[in-house]
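Q: Here's the letter readout for the chains.
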Amino acid sequence: MAFIHRLDRLLAGLERAAVVVLLLSLLLLGLLQIILRNAFAGGLFWADEVLRHLVLWLGFLGASLATHEQRHLRMDVLARWLPAGAQPWLALLINLLAASGCMVLAQAAWTFVRFERESGAVLSVGLAVWIAQSIVPLGFALMALRFALGFLETLAQLRKAPS
Amino acid sequence: MILLGLLLIAMALLGTPLFVVLGALAWFLFRQAEIDTAAIMIELYRLAQAPTLLTIPLFTFAGYVLAGSQSPQRLVRCAQALVGWMPGGLAVVALLTCAFFTAFTGASGVTIVALGGLLLPLLLQEQYPERFSLGLLTTCGSLGLLFPPSLPIILYGLVAQAPIELLFLAGLLPGAILVGLLSLFSVQQARRARVPVHRSSRSDMRRALWAAKWELSIPVLVLGGIYGGVVTVSEAAVATAAYSVFITVMIHRDVHLWRDLPGIMTQSMTLIGAVFIVLGCAMGLTSYLVDAQVPQQMLGLMQHYISSRVMFLLALNLLLLLVGCMMDIFSAIIIVVPLITPLAAQFEVHPLHLGIIFLTNLEIGYSTPPVGLNLFLGSLRFERPITQLYRASWPFLIVLGLALLLITYVPELSLMLVRWFGYANLPVLPR
Chain A
2 MAFIHRLDRL LAGLERAAVV VLLLSLLLLG LLQIILRNAF AGGLFWADEV
52 LRHLVLWLGF LGASLATHEQ RHLRMDVLAR WLPAGAQPWL ALLINLLAAS
102 GCMVLAQAAW TFVRFERESG AVLSVGLAVW IAQSIVPLGF ALMALRFALG
152 FLETLAQLRK APS
Chain P
733 MILLGLLLIA MALLGTPLFV VLGALAWFLF RQAEIDTAAI MIELYRLAQA
783 PTLLTIPLFT FAGYVLAGSQ SPQRLVRCAQ ALVGWMPGGL AVVALLTCAF
833 FTAFTGASGV TIVALGGLLL PLLLQEQYPE RFSLGLLTTC GSLGLLFPPS
883 LPIILYGLVA QAPIELLFLA GLLPGAILVG LLSLFSVQQA RRARVPVHRS
933 SRSDMRRALW AAKWELSIPV LVLGGIYGGV VTVSEAAVAT AAYSVFITVM
983 IHRDVHLWRD LPGIMTQSMT LIGAVFIVLG CAMGLTSYLV DAQVPQQMLG
1033 LMQHYISSRV MFLLALNLLL LLVGCMMDIF SAIIIVVPLI TPLAAQFEVH
1083 PLHLGIIFLT NLEIGYSTPP VGLNLFLGSL RFERPITQLY RASWPFLIVL
1133 GLALLLITYV PELSLMLVRW FGYANLPVLP R
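Chains as they are written, first to last, in this note's numbering: chain A, 2 to 164; chain P, 733 to 1163.
Just so you know, these hints were derived from the structure itself, not from any lab. One should not assume that every hint holds.
What the hints assert, rightly or not - Some residues of chain A that are not near chain P, with every Cβ distance over 10 Å (derived): (1) M2; (2) F41; (3) W47; (4) G121; (5) V123; (6) L139; (7) Q158; (8) K161.
As the list claims (entries may be wrong) - Estimated spans, in silico, between C-beta atoms of each pair: (9) A:L124 / P:L1134: 48 to 56 Å; (10) P:S933 / A:L124: 57 to 65 Å; (11) P:R1123 / A:R81: 13 to 21 Å; (12) P:D986 / A:A18: 21 to 29 Å; (13) P:I983 / A:L124: 34 to 42 Å; (14) A:Q88 / P:L1051: 27 to 35 Å.
Unchecked claim - Output of the computed footprint for chain A on chain P, the stretches with three or more beta carbons under 8 Å from beta carbons of chain A: (15) 740-748; (16) 810-822; (17) 888-898; (18) 997-1004; (19) 1007-1021; (20) 1051-1065.
Please read all numbers here as calculations on a predicted model, not as lab measurements. Heads up, the beta-carbon is just placed ideally off N, CA and C, and yes, glycines get one too.
This is chain A alone, in the form it adopts within the complex:
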C-alpha cells in the first residue's frame, strides 16, 4: 500500500509541475499575442493553435488531479442517506466502475489518436497533431489508474477492518 501511495503522490507532483508550466506558457503566449496584435498589427500565426492545445492539456491534467483529490463533479443525493457501514462498499463499486469506464474511454481515445497519426497531419508550429492530442488517451489512462488505485486502497481498508 505504501508503494501505491508513493506512486500516486509522485504522479500528482509531476502533474502539478506540468500544470504550472503550461498555465504560465498559456498566459505568456496569450500576452505576447495581444501585444503583437495591438502594437504591431501582426501576431504569430501558429499561436492560436498552440493556445488551444495548451488548454486541452491543462484540462486533462486538471481532471487527473481532480481524480487524485476526489474533486470530480458528482451527485451525492443518495449516498448521503446510506448508512456509514455501506460507504466503503459503495466506494469500491464506484472506483471499479470509474476505472473500467476510463479504460474504455482511453481505448477509444487511443483509436482516435491512431487515426490522426495515420493521416499525418501537422500543426503549423511543426508538431504532429497526434502528439498534441496524445494527452486525451493519456489523461483517461491516468484517471483509470487513479481509480484502480482507489479501488485497491478501499479493498485494503475493508480487509483491515472487517465489519
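Use these hints to put chain P onto chain A, whose structure you have.
A: Okay, now just chain P, sitting in the frame of chain A:
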C-alpha cells in the same frame, strides 16, 4: 438498453463521477449504433478547438488569485466606507462583495470560503441577528453568477452556441435585480433589528475607493475593453489573468510568486479539469442524441401537455429548480442545455433570455434545501448544523424566487441592454 440506462442513472445518483456516467453512456450508444467509439473523442477534440474555451481557465485563475490575496478584505473595507452609513449597510456590503467574487470564481464555493468567514464575525459584531447573517451569507455564495465574466455564463455560451459577449450584456440587469431586491430586503431586516448605523465622511470614502482601485478597475477594464471593441473576450481573459497576478504579486505583494502562486494555479486548474472532462464527455453524448433526434421526440411528447409559452417557462423553472438542487451548476448546464434549447426555440424563448433563466434558476438551486451546495459549504465554513442554515435561508429564497419570476416573465430585462448596444436583430436560434 433501458435497463442499462436505469443502471447508469442509479450509479450517477450514488455518486459516480458524472463524466464517467456520460462517457460510458455515449460509449454504449455509439457501439449500439455501430459507430466507432472514437467518435466521442472527435467531439471532445472539436470542443477543445473552440476559440473561447481558453477564457474559462484564465478567468477562473484570475478569480482564484484574487481570492487568495487580501483583496476580499480590501473590497469589504471599501464597500463599507461607501454604503456602511445606510441602515443595513454592512449587509449590502456583503451582497456587493460576494457578487464581485462570484462573478470571477464562478460559484465554485470560493466565495463562501474566502468571504463568508470574513463577513460573519463582522455582521455579528454589528448586532445583526445571527439567523439573518447566516442566511445572507449562505445565499450570497452564488450571487453574482449573472455578472461577467462568470464561468457558468461562458459555459452556457459554449454549450448553447450563443455569443458570450451578448450573454454578458444580457446578465447585467437581471443580476442587478437580484442584488437590488436582496439589498432592499436586508435594509428592511436591519431596520427591524435596529442595527446601529455608522457615519463615514467623504474623505473616508475617497480613501477606501483609492485603496481598492486596482481590484475595482478589473470589471471596468474587462467590460470597457470588450464593448469598447479594444479586445476580444479571449484577449480580455488573458489580460485579466495577467493583471490580477500583477496587482497581487507586484503591487500589493500579498501573493508570493513561488510560494503561493503555483498552489493557486493547480487549485484552479483542478476545478477546470473537473468541469472540462464532464463537458468533453457530454459532447459525444449530445452529438449522438441530436443525431438520434431525441430533442425532437421530447418536443413531440411535450406538445401534448404544454401548449403555451407561459406554461413552458413555468415547467422550465420547476425542472431547473429540481436539477439545481440535484447537481452542480456546471454539470446542469452541460447536460440540460442541449436538450432544452430546441424546445425553447419552439416556444419562441430568446436564446439569451433562456440563458439568463437557466443561470438564475441554478443560482437559486445552490441554496435550496435539502442538498444545495451553498448550504453544505456554509455549514462547514460557519460550523453550524445544516438544519440551522435551512431555517436561516428560506426568507432569502423567497426574495430570490420573486426575482426569478420577474426575470423569467419579463424578457425585456435580459434583452434591453443587448438591443441598446445595437445587437437588435438576433435570430432566435443562433445555429
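Q: Look at each hint and say if it fits the structure.
A: Hints, one by one, checked against the model:
1. M2: 23 Å, holds
2. F41: Nearest chain P Cβ is 15 Å from F41 of chain A, so the label holds.
3. W47: 15 Å, holds
4. G121: 17 Å, holds
5. V123: 16 Å, holds
6. L139: 12 Å, holds
7. Q158: 17 Å, holds
8. K161: The claim holds: K161 of chain A sits with its nearest Cβ about 23 Å from chain P, beyond 10 Å.
9. A:L124 / P:L1134: 48 to 56 Å: 52 Å, holds
10. P:S933 / A:L124: 57 to 65 Å: 60 Å, holds
11. P:R1123 / A:R81: 13 to 21 Å: Between R1123 of chain P and R81 of chain A, where Cβ atoms are some 19 Å apart, the hint holds.
12. P:D986 / A:A18: 21 to 29 Å: With Cβ atoms ~24 Å apart, the hint holds.
13. P:I983 / A:L124: 34 to 42 Å: 37 Å Cβ-Cβ, so the 34 to 42 Å window holds.
14. A:Q88 / P:L1051: 27 to 35 Å: 31 Å, holds
15. 740-748: Coverage by chain A holds for the region 740-748 of chain P (6 residues, Cβ < 8 Å).
16. 810-822: violated (count 0)
17. 888-898: violated (count 0)
18. 997-1004: holds (count 6)
19. 1007-1021: With 6 residues in contact (Cβ-Cβ under 8 Å with chain A), the coverage given for the region 1007-1021 of chain P holds.
20. 1051-1065: holds (count 5)
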